[in-house]
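What follows is the residue order along each chain.
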Amino acid sequence: MLRLLKNYYVEILLVFVLASFILFFSSDQFLAFEMDISFLTSFTKNPQLQSLSTIFLSIFLEGLPFILFGVFISSFIHEFVNENGLWRYVPKNPFLSIPMAIVLGFVLPICECGIVPIARRLIEKKLPVYTAFTFLLAAPIVNPVTIFSTYIAFGNDWSMTIVRVALGAGIAIVMGGLFYLFFQNIPVLKEIPNTCDHDHESCCTTDQAGHEHSHTENWRERVEYALHHAIFEFLNMGKYFVLGAFLAACFQTFIGFSAIQSTGKYEWLSIVLLMGIAFGLSICSSSDAFIAASFRNAVGAAPLFAFLVYGPIMDLKNLLMMSGSFRPTVIWFFWSGTTVLTIVSVVFFL
Amino acid sequence: MAVLFRITILFGFALVLSYLIISHDLDYFINPRLQYLSVISVLFLLTLGLVQLKNVGKRAAHPVGVWGYLMVCLPICFFLLFPSKPAETSLADNKMYTYVPNQVKKTNPSPNQSTDAPQELTEEEWELPYKKKAAELKKLPVIILTSENYIDISNVLMMYPEQFIGKKIRTIGFVYREEGFKADQFVIARLAITCCVADAGVVGFLLDTPESNLFKNDQWFQIDGTFGLKKNESGDVPGLKMKSYKKVPALKDSYVYQQF
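Read top to bottom, the protein sequences are chains A and B. The numbering of the first sequence is the numbering used here, which starts it at 1 and goes up by one. The numbering of the second sequence is the numbering used here, which starts it at 1001 and goes up by one.
Here chain B stands alone, though its shape is the one from the complex (with noise of 0.2 Å):
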């Protein structure tokens, strides 16, 4: 009988990625950008589920006992319970805001590795595709942040502050307030995810502004403004100050994905 249960996980695994495959629902969830491993795993698990539909009146090679079942099936009543969307903006407020988009690699902690002269190499290498994009941007009368281009551009723009200061800029984003902020601050916010939503993290502009009431936390926003650098306690942090504002509705993918 336990057969007949190993059979509905392993398919009915399959048929829950393959949906989220389809409906491109799985961007709520992980990168699109590692999605063919889940294409992978699709394969296997039909492998697996076909072997076992083949060996269905073989002894079990090890017990997995009732409560392991129950427990490779809670992510498939989770998914059938719960409508899969992007997160809400809420689960921003156990995030932090990290500001600078995850790793700028430059302030990794890598004490065995920051000597090394091949690391250097590969250090200037991996600059030159920023220093043409920074270069690209100069010449744009107004760098506009989409959801594609979010993280790619305000890494650039966290390279080489200096460079852009005063340049105008337009962001969408939503409304986020931390502990601690003055009352005239907030930030206009995404979430940045690198694999999944768990290792999202706020990033976004810091803006001060006397009207800073009437932008309500979790609104999103459209902003125009110039570039500057803001001080925190955590450092300079990307800023920006605010020339004209519009409400927008939210948008359907909250998220802007790392790109690699």
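Isolated chain A (complex conformation) (with noise of 0.2 Å):
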């Protein structure tokens, strides 16, 4: 039985979601079986689960231009730009390169849930570790689409933009600064016997594949690797933003504001509180202002650019990704030095 689950669970999934939609275009058929079904569908009709339903889709709607936005630029550039170009011209003293990994970062706008096999490839490259780093914490944030998205998502306000990305630049710095300090000589990524990890080996060799091709091809099939790659991207960042979108939702219906207003009086409580929730949401840095938006009224601004510079530096799915492609103590050492600078900036700047 579960093996049949196992190899017939795209089908069935079909058959569900098909099923769906012809329920839908029949809708007043499907009303005239009331008595049969009626039951089944009693439960939206709970003012809670619709009001979750509400803020939910319209958390998807809201953010859905702007994943699609980031997933086309991401694919293209990961598709024409040649990575090996860019890091030659790395210079090679860290006060020249740190920065410019900011500036990489906002010339190559990759959302951080691309960001983390990239970071990889370029330190497998021999590109130094602190760069690859800085250009880790800063391209989600100094990214042209997560910028746009904040400047949309806080009322056309340039201020709000500004600050978020100075701080998460503010921070890459210092990071960059501490591995320079800590791992420059120390072996960062996971020893895996096969230099491909599970990572590469699932994505990539196609990816390889896909770019040894696509120099000697035109550029119609490149734009349609590009295409195709890109809808892959989608899924994968649309799942983990649908789950936070939805997780969002429910943080919303059913614990509501108040419980960040209790702890208002606390501001370090509400700061370490909203980084929590930033860390466990997930969610994509180009649409994560949309949700900061809506506790914009209800915590102060400590708490709210506690939110918005740690949520795309670090998360959970971030962490897990990380954790397949670098060593532990890396890993410590990145959790730890992001999420204590993300307090002492917030609560020294601000």
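Don't take each hint at face value.
[As the list claims (entries may be wrong)] Just so you have them, the derived chain B footprint on chain A, three or more residues with Cβ under 8 Å:
1. 6-18
2. 55-69
3. 170-178
4. 227-235
What the hints contain is simulated information worked out from the structure, not anything from laboratory work. Think of the CB as a built atom: it goes at the ideal place given N, C-alpha and C, for glycine as much as any other residue.
Combine the two chains into a complex, taking the hints into account.
Here it is in structure tokens:
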């Protein structure tokens, strides 16, 4: 039975989705069967679930264009920008290369979802570790898509956006410096007998093949390859985004703002609370501003920025992805460093 | 087989979005001003769907996983199961009464910016249309708040309250009470939306009247009164002195949208 499920889950799911579509488009008849089916749909009348659905869909619909936008840009860059060419121009001096990694994050707009494999590949190609980590930290925040969506989410307000980017870039620079001091000659990558880790094996064998091909193929095929890659990036990003939107909607309907409000007296508590939420939700940095905007009325500036800065830098799914690529010591260092720096920067600069 | 699933998801999203756009139900979820983005995403999704159709035989570039597919389907399921309609006023119970529509920019926490000279300049430029609007409003015998001008006008009222005290105002809204309100207090409120329902906040005018028990929570009223400031623990809030009231049916679209 289990094996049957395992082998045919996709087909079963497909049937389920198709059935839902058919039910939807024949909703008149659907309603006529009231006596049979009504108990199944009765839960949709629950006002709390109704608001849950409204909030969930609204977060999803609002963030969707930005996810798609980010996926398109990142896939095209993935296909058309040569990583080898990029890091060769990185200066050797850390005082130059760390700021340059920030600029790189701006030029190469990749969400935190796509950044971990890229940072790993860059380190594999002997890019200095501190530069790669600065890039890893900076890219999700110092990112045109993130900047644009933060600007829109906070009602066309540049000051929020500028403070967010400044704090994020500052933390990235400090972390880069710390990595320069502590991890210069220590291997950071997980040793895997096969040079291809599971990430690469699964996603990048085809990637690599695509790359090899693409240099000899014309641009139309490369565009098509980039678009094909975008589908998977969209789905992989989408699943975390949908989960985040759903959890955020649950939070809003069942807990509400009173939870945040009650901590208002102790600012440090709401800072920690919002950082915890940012960590757990693991929302893509290109749309987390919209979720942060919903907290805006409930919390002060410091916790809000803690959410906005910590979210893109460190979250659950990012940590999982990193644990597949880097050594545990690096991850502990990275996690504690960014957490402490976020708290310190938010408390002292706001 | 997963290919078929991907095609369903991509075209399904495109279908749901186009349905919402064409039926104007999207207004219940996000600010109409941002809907051009949704139109663009329909195009994106259709492009991706067609590319997927063309590459049916190709291997998956990244593994997505069962839970990934299930997760991505969730919005479609919710859309199919729940009727799209504006959030009930009960949603307001989880929101906060913000009194002043979101971000009047003076109150914005921007320590880095406030000292900049160019910022001051733009602040004044930014105020100009509001000054003009205030002058216009002062000439009117009665200020009538509608869904379209609600946020604009209440912004102006709260920016220059001293010019409008005693001014006649007519507004429609639902009755809303927050914990800690006195027995004779309530707010005649609307839900203000900046981007999407998730950032909605309750805005409105505080009233105190001995007849307060006539006004049940979530009932809709049209209220005529004169503008004034009321004190509250969070400072000055817009208030109304009630002259007359009329029970009205709930509006179809209970939101007011931030214009920008």
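Which earlier hints can't be squared with this structure?
3
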